[in-house]
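With chain R fixed as given, assemble chain Z onto it according to the hints.
Here is what each chain is made of, one letter per residue.
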Amino acid sequence: MDIKAKVIDEEGLDRTITRLAHEILEKNKGSQNLVLIGMRTRGEFLANRIHKKISEIDKSDVELGILDITLYRDDFRERLKQPEVSVTDITFDMNEKDVILIDDVLYTGRTVRAALDALMDLGRPSTIQLCVLVDRGHRELPIKADFIGKNIPTSFNEEVKVKLAEVDGEDAVYLMDISNENSEN
Amino acid sequence: MSLSSRHLLGLSGVPKEDIQLILDTATTFREVLERPIKKVPTLQGKTIVNLFFENSTRTRISFELAQKRLSADTVNFSTSTSSTKKGETFKDTVRNIEAMKVDMIVVRHESPGVPQFLTQISDANIINAGDGTHEHPTQALLDMYSIREKVGKLEGLKVCIVGDIGHGRVALSNIHGLKTMGAEVSLCGPSTMMPRAIEELGVKVYHKIDDAIENNDVLNVLRIQLERNAGASIPTTREYRTYFGLTSERLKKHNKDVLILHPGPINRGVEISSEVADGPYQVILNQVTNGVAVRMAVLYLLGTMH
Chain R
870 MDIKAKVIDE EGLDRTITRL AHEILEKNKG SQNLVLIGMR TRGEFLANRI
920 HKKISEIDKS DVELGILDIT LYRDDFRERL KQPEVSVTDI TFDMNEKDVI
970 LIDDVLYTGR TVRAALDALM DLGRPSTIQL CVLVDRGHRE LPIKADFIGK
1020 NIPTSFNEEV KVKLAEVDGE DAVYLMDISN ENSEN
Chain Z
76 MSLSSRHLLG LSGVPKEDIQ LILDTATTFR EVLERPIKKV PTLQGKTIVN
126 LFFENSTRTR ISFELAQKRL SADTVNFSTS TSSTKKGETF KDTVRNIEAM
176 KVDMIVVRHE SPGVPQFLTQ ISDANIINAG DGTHEHPTQA LLDMYSIREK
226 VGKLEGLKVC IVGDIGHGRV ALSNIHGLKT MGAEVSLCGP STMMPRAIEE
276 LGVKVYHKID DAIENNDVLN VLRIQLERNA GASIPTTREY RTYFGLTSER
326 LKKHNKDVLI LHPGPINRGV EISSEVADGP YQVILNQVTN GVAVRMAVLY
376 LLGTMH
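Those protein sequences? They're chains R and Z, same order as listed.
The first sequence begins at 870 in the working numbering and counts up by one.
The second sequence begins at 76 in the working numbering and counts up by one.
This is chain Z alone, in the form it adopts within the complex:
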């Protein structure tokens, strides 16, 4: 069993068998993370570069830990310290790094399509760690893993992605991945945050959070990305909270178990209240642990491929 592609650029078009294999393999690494020595020698001698052209805490640390726990050698690159600041083009930067003989590149960039472009100028395995508003496949994979871990399946499950869909690459990757795995996907948020014609991806759109809670098994609550100018889509964060915020009063009203995910970082009191974020139905910190296991699975499957 191996993956059908040597890169992970997104979840659009990735076959069900591949997603299944990644999630199953992640179970193995989940066990490794529980050991006293959380390290296996599998990727010994492989060199991985983390190219982060955009800020990231969780994803970068998660990838770096995953790489170290597989015994790979890692190099980190971030724009603030790089020579792109000195005027070097993106292509030249990558060519230079490539010349230092690297095996895999994990890339985050504000422009959609950068990982795809990298596959054309580099022989390394490319993993997309978020490209603009396009995709963030490992986040969606760890969301799916966390749902499957809690509920036991994905097929037939009703999952609603709540919040800033237009700015959310997490939303797009989740839609593609979950639909491939046979889940029923819907979206909920103000219409100013809903991309035009998003229904064409085969998803239902709710404009009332109560309808979304009532009709779904899982809510994946996305962050309001104020740094991406989400403020232009809503009058105030307080108004967003009033109409779309996930609060325990709202959940109680529906009297049913809904699993709650959030990719982080949380804006407490905006898209989710503290009681819900720390409450019994959420798996937010499980998501973070699972993130390392899922990324180890992706690195392992791509790094040992022929």
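Just chain R, with the same shape it has in the complex:
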């Protein structure tokens, strides 16, 4: 896997997150009814950061939860490797709330489909809005994001890698070339 380009650097990522936080507050007219849900694993850390920004801007403390969607996946039968399950950590009531679902990359839309099903089993939110750091296109389901950090048009031979200091030791978004790996398969 070769690096093609560094699309967002550390400063850029911070600015993007600041903008996303402002957009979320603008569209929802403040944070009174908001809850943030990060999707494991990188969505969780993005949600933490957006949560921090919203607290700074709005001087409020909105609820923050973590969602694990492994049990709702639709690709159990196709995947060669068994996905590892983790624990969902949502301790508050989501009924009648405006839920901001946060993930790093929006691609086929299948993960979001699974997340929507998982959320519906946990309560009945007033709205669910999708916030992603990167939208790379190639949707396979009718799903679109409400808040997008950056649109990065990609080909099937490319992959978007989001790196976050909490897990990867750096803040950056890379465009990777995976054409070699595809041809080997």
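Keep in mind the hints are simulated off the structure, nothing from the lab.
The structure displayed is predicted, hence computed values, not measured ones.
Backbone N, C-alpha and C define an ideal beta-carbon position, used for all residues, glycine too.
A few of these clues could be false.
Label pairs and their computed distance ranges (CB to CB) [to be verified]:
no.	chain 1	residue 1	chain 2	residue 2	range
1	Z	354	R	880	57 to 63 Å
2	Z	133	R	1013	45 to 51 Å
3	R	1034	Z	257	32 to 38 Å
4	R	953	Z	114	17 to 23 Å
5	Z	344	R	917	52 to 58 Å
6	Z	227	R	901	36 to 42 Å
7	Z	77	R	1047	22 to 28 Å
8	R	953	Z	272	36 to 42 Å
9	R	1019	Z	196	56 to 62 Å
10	R	977	Z	162	53 to 59 Å
11	Z	227	R	977	37 to 43 Å
12	Z	354	R	962	31 to 37 Å
13	Z	270	R	953	37 to 43 Å
Lysine-lysine pairs mimicking DSSO-like chemistry, simulated, CA-CA at most 27 Å apart [to be verified]:
no.	chain 1	residue 1	chain 2	residue 2
14	Z	143	R	950
15	Z	328	Z	279
16	R	928	R	898
17	Z	225	Z	113
18	R	896	R	928
19	Z	114	R	950
20	R	1032	R	921
21	R	950	Z	91
22	Z	143	Z	113
23	Z	176	R	950
24	R	950	Z	121
25	Z	225	Z	327
26	Z	91	Z	279
27	R	921	R	875
28	R	898	R	922
29	Z	228	Z	331
30	R	1030	R	1013
31	R	966	Z	113
32	R	966	Z	114
33	Z	327	Z	228
34	R	921	R	966
Okay, now just chain Z, sitting in the frame of chain R:
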């Protein structure tokens, strides 16, 4: 991460990583059981048959709930209503069920080795829900999960299994599983209930309940199985209570915290007194809840394996 075998026949020979994976995965399902909607779509479209050739309430309900909460389709079979009563052989019964395209079979049978035999005549994933006096792996897994949940670890822990070891498949599965996880296992009970040469499994044997309480962190108290003719091993249940019954007086004498497990059903006033069974150190009802989570973990790990 996935399990190294596509069946769960017992805990003998099951590697540490597999047990660890099952216990870790059970934590996920423990959370699912706390939700308002206690159901996930993970095993949608999978068909599971519960083949119970022996009576069971807890284990059967626990398995059935676990299957339903994973959205699998389940079929129940019990001997009283089955065609084995009409003279069909076990093998033919299984072949017929197999022909109806099932993905997994959960089996309980009075003869040891039946689950193993099933793996040879069926392509389904086989889960042992108790085979005679041999093994009962999911019970031991949920015991280990309950201990780990309370104490935080299994390694280095001193666990004593008290009671009818000879009739207890729970005992054997616990010995194998706990030893694999690095716990120190001992047994306590009258010598008539102790299988010969059981020390060869690497366990210490106590014949006095006070010694067992004094030297252990956890006591797993097994039921005196009167229906399996345990009465032949002891003069009376009252005498058993006098010498081996777990009472609060006995526990107080030792002035230490011992965690108490019991796989149920309880014979109150025989192997355990009511005060202890409902007391602060026991996790008996936690065990039952954890049982569903652990069985969901096993079904999930086997059912989504390739």
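Hints, verified against the model:
no., hint, verdict
1, 354/Z - 880/R: 57 to 63 Å, "60 Å, holds"
2, 133/Z - 1013/R: 45 to 51 Å, "48 Å, holds"
3, 1034/R - 257/Z: 32 to 38 Å, "35 Å, holds"
4, 953/R - 114/Z: 17 to 23 Å, "21 Å, holds"
5, 344/Z - 917/R: 52 to 58 Å, "54 Å, holds"
6, 227/Z - 901/R: 36 to 42 Å, "40 Å, holds"
7, 77/Z - 1047/R: 22 to 28 Å, "25 Å, holds"
8, 953/R - 272/Z: 36 to 42 Å, "41 Å, holds"
9, 1019/R - 196/Z: 56 to 62 Å, "57 Å, holds"
10, 977/R - 162/Z: 53 to 59 Å, "55 Å, holds"
11, 227/Z - 977/R: 37 to 43 Å, "40 Å, holds"
12, 354/Z - 962/R: 31 to 37 Å, "34 Å, holds"
13, 270/Z - 953/R: 37 to 43 Å, "39 Å, holds"
14, 143/Z - 950/R, "25 Å, holds"
15, 328/Z - 279/Z, "22 Å, holds"
16, 928/R - 898/R, "14 Å, holds"
17, 225/Z - 113/Z, "23 Å, holds"
18, 896/R - 928/R, "17 Å, holds"
19, 114/Z - 950/R, "24 Å, holds"
20, 1032/R - 921/R, "19 Å, holds"
21, 950/R - 91/Z, "20 Å, holds"
22, 143/Z - 113/Z, "9 Å, holds"
23, 176/Z - 950/R, "24 Å, holds"
24, 950/R - 121/Z, "19 Å, holds"
25, 225/Z - 327/Z, "20 Å, holds"
26, 91/Z - 279/Z, "22 Å, holds"
27, 921/R - 875/R, "25 Å, holds"
28, 898/R - 922/R, "16 Å, holds"
29, 228/Z - 331/Z, "19 Å, holds"
30, 1030/R - 1013/R, "20 Å, holds"
31, 966/R - 113/Z, "21 Å, holds"
32, 966/R - 114/Z, "22 Å, holds"
33, 327/Z - 228/Z, "25 Å, holds"
34, 921/R - 966/R, "19 Å, holds"
The structure is consistent with each of the numbered hints, conforming to all of them.
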